[in-house]
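Colleague: What follows is the residue order along each chain.
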Amino acid sequence: RRRKGPGALATGYLVIYNVVMTAGWLVIAVGLVRAYLAKGSYHSLYYSIEKPLKFFQTGALLEILHCALGIVPSSVVLTAFQVMSRVFLTWAVTHSVKEVQAEDSVLLFVVAWTITEIIRYSFYTFSLLNHLPYLIKWARYTLFIVLYPMGVSGELLTIYAALPFVRQSGLYSISLPNKYNFSFDYYTFLILVMISYIPIFPQLYFHMLHQRRKVLSHTEEHRKSE
Amino acid sequence: FVSYQVEILDWETKKQLCFLDKVEPNATIREIRLMFHKLYPRWYPARQSIKLDPKGKSLRDEEILQHLPVGTTATLYFKDLGPQIGWTTVFLIEYTGPLFIYFLFYFRMTFVYGLDERFTSSPHPVVNLACICHSFHYIKRLIETVFVHRFSRGTMPLRKIVKNCFYYWGFAAWLAYYINHPLYTPPSYGKKQINFAVIMFLLCEAGNFSIHAALSDLRRNGSKTRKIPYPTKNPFTWLFFFVSCPNYTYEVGTWISFTIMTQCVPVGLFTLLCFIQMTIWAKDKHCTYLREFKDYPSHRMPIIPFLL
Numbered sequence: 001r002r003r004k005g006p007g008a009l010a011t012g013y014l015v016i017y018n019v020v021m022t023a024g025w026l027v028i029a030v031g032l033v034r035a036y037l038a039k040g041s042y043h044s045l046y047y048s049i050e051k052p053l054k055f056f057q058t059g060a061l062l063e064i065l066h067c068a069l070g071i072v073p074s075s076v077v078l079t080a081f082q083v084m085s086r087v088f089l090t091w092a093v094t095h096s097v098k099e100v101q102a103e104d105s106v107l108l109f110v111v112a113w114t115i116t117e118i119i120r121y122s123f124y125t126f127s128l129l130n131h132l133p134y135l136i137k138w139a140r141y142t143l144f145i146v147l148y149p150m151g152v153s154g155e156l157l158t159i160y161a162a163l164p165f166v167r168q169s170g171l172y173s174i175s176l177p178n179k180y181n182f183s184f185d186y187y188t189f190l191i192l193v194m195i196s197y198i199p200i201f202p203q204l205y206f207h208m209l210h211q212r213r214k215v216l217s218h219t220e221e222h223r224k225s226e
Numbered sequence: 001f002v003s004y005q006v007e008i009l010d011w012e013t014k015k016q017l018c019f020l021d022k023v024e025p026n027a028t029i030r031e032i033r034l035m036f037h038k039l040y041p042r043w044y045p046a047r048q049s050i051k052l053d054p055k056g057k058s059l060r061d062e063e064i065l066q067h068l069p070v071g072t073t074a075t076l077y078f079k080d081l082g083p084q085i086g087w088t089t090v091f092l093i094e095y096t097g098p099l100f101i102y103f104l105f106y107f108r109m110t111f112v113y114g115l116d117e118r119f120t121s122s123p124h125p126v127v128n129l130a131c132i133c134h135s136f137h138y139i140k141r142l143i144e145t146v147f148v149h150r151f152s153r154g155t156m157p158l159r160k161i162v163k164n165c166f167y168y169w170g171f172a173a174w175l176a177y178y179i180n181h182p183l184y185t186p187p188s189y190g191k192k193q194i195n196f197a198v199i200m201f202l203l204c205e206a207g208n209f210s211i212h213a214a215l216s217d218l219r220r221n222g223s224k225t226r227k228i229p230y231p232t233k234n235p236f237t238w239l240f241f242f243v244s245c246p247n248y249t250y251e252v253g254t255w256i257s258f259t260i261m262t263q264c265v266p267v268g269l270f271t272l273l274c275f276i277q278m279t280i281w282a283k284d285k286h287c288t289y290l291r292e293f294k295d296y297p298s299h300r301m302p303i304i305p306f307l308l
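First to last, the protein sequences are chains A and B. For what it's worth, full-length UniProt numbering labels the leading residue of the first sequence as 1, then goes sequentially. For what it's worth, full-length UniProt numbering labels the leading residue of the second sequence as 1, then goes sequentially.
Take these hints with a grain of salt, some might be off.
Within a straight-line C-alpha distance of at most 25 Å, the following computed DMTMM-like cross-link-like pairs (lysine to aspartate or glutamate) qualify [as the list claims (entries may be wrong)]:
1) K179(A) / D116(B)
2) K179(A) / E117(B)
3) K227(B) / E62(B)
4) K214(A) / E12(B)
Derived from the structure by calculation, the hints contain no laboratory data. Computed from a prediction, not measured in an experiment: that's the story for all the values here.
Construct all of the structure, not just a fragment, from the sequences and the given hints.
Modeller: If you want it as structure tokens, here you go:
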């Protein structure tokens with residue numbers, strides 16, 4: 001079965017989507033800088049960009065739909081996994097456990113996400129318009145080397161910080177007996193999530209490194225042949 | 001009478017692995033596999049994927065050399081499928097696991113619910129009933145595997161069985177844990193709910209078995225070719241009027257009834273996953289039927305009458 005690429009209408013929609021997302025994350029970036037200058041410190045900056053962060057990160061759920069409809073040539077499962085993990089961290093950890101919102105680890109992953117997403121969405125925008133500046137391509141396939149570990153560290157530290165509060169309040173947990181005959185311990189679940197980073201992160205990281213070698217060396221060959 | 005020559009190349013490296021001289025034109029791929037196996041003992045026939053095109057589909061055992069689009073010197077490609085395990089063995093392992101794992105929880109082994117609860121039994125009759133139904137389901141599956149099923153392909157890759165066992169055995173443990181738990185809560189609507197569930201369970205099990213028997217009959221003479229299944233005198237098989245894979249339909253029905261019987265969320269989740277998996281399999285099978293048979297009944301749906 002051949003994958004149908006985007007038609008003209010879908011391409012137009014995707015350009016608008018990616019432009020809006022780029023703008024959104026720029027708003028978050030500007031918000032962070034302004035809050036930093038106003039406060040004079042980098043602590044507790046989360047509160048200044050809480051709303052746009054939630055809005056635009058949640059908006060990324062549309063990307064799963066794009067894959068499912070076939071207008072974007074990515075795997076639905078992979079995209080769903082990546083978006084859901086971001087949405088999980090935004091809502092089920094940072095939003096739900098209010099006590100971690102003042103932690104510096106939150107700033108760590110928010111900065112990583114912001115820079116990554118601005119580059120990623122502008123990359124898609126330019127690609128769709130068939131005019132991709134080499135700088136954007138380079139940035140997308142190079143900056144992740146630092147941003148990815150930075151983001152992962154921020155995420156793990158935030159989840160770790162949330163643990164005692166989850167244990168204390170019994171957040172999202174249900175225990176026996178109940179008429180659904182089901183139990184769920186959110187604390188244990190969060191620990192399992194943290195452990196899952198161990199096999200998953202290296203795989204994704206090395207995949208990106210491999211992609212980098214492929215994409216950037218291909219461009220070099222292209223340039224040499226011109 | 002022209003005898004053929006067959007060379008077999010590695011699909012990736014294109015290196016010549018063997019050259020067979022004086023091969024009969026009516027030799028089957030099965031015979032070629034046996035000849036290849038003699039030269040390479042570790043690559044038994046089930047592991048050999050022999051194809052006309054390096055990236056193509058594997059040729060079936062029954063294919064005859066002279067009917068293939070090759071000249072008198074045929075070039076075939078070989079790919080190692082990895083260690084294989086027979087389907088019968090696979091099912092025996094996959095189904096015996098849940099059967100015995102459930103018992104570990106039902107009899108409340110020490111390591112499951114702690115020392116205080118060891119070997120106690122539940123005051124709720126539905127827990128005993130659930131154990132009987134769960135065990136019946138897997139014993140029935142084991143019997144079918146040995147006596148009823150006729151597999152078109154003999155084997156599957158060994159690696160898959162580890163993944164499959166984790167899934168089946170893991171879920172069996174998870175749902176058995178809650179059903180046999182000392183703090184288990186019986187269904188909200190009591191006997192009415194349980195009795196309804198039992199009747200639905202028995203009907204679906206009977207239906208599932210009827211379909212398996214009917215499919216097995218299609219291959220009574222040991223043939224491996226596919227035929228269109230039709231409804232028989234058995235009312236349970238009348239679902240064939242509406243659906244390509246009624247065995248999957250009945251199977252989902254069994255698990256829904258088990259969910260109703262136990263009123264247990266993990267069972268419900270397992271049912272949902274079974275439904276998704278079986279819908280995928282049913283759609284595949286349905287497409288295969290449509291491709292192979294021009295006269296396939298057009299109003300049939302893959303798994304749910306009129307809907308899916």
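Colleague: Would you mind marking each hint as holding or not holding in the structure?
Modeller: Going through the hints against the structure:
no., hint, result
1, K179(A) / D116(B), "holds, 23 Å"
2, K179(A) / E117(B), "holds, 21 Å"
3, K227(B) / E62(B), "holds, 16 Å"
4, K214(A) / E12(B), "holds, 22 Å"
Violated hints are absent here; each numbered hint is respected by the structure.
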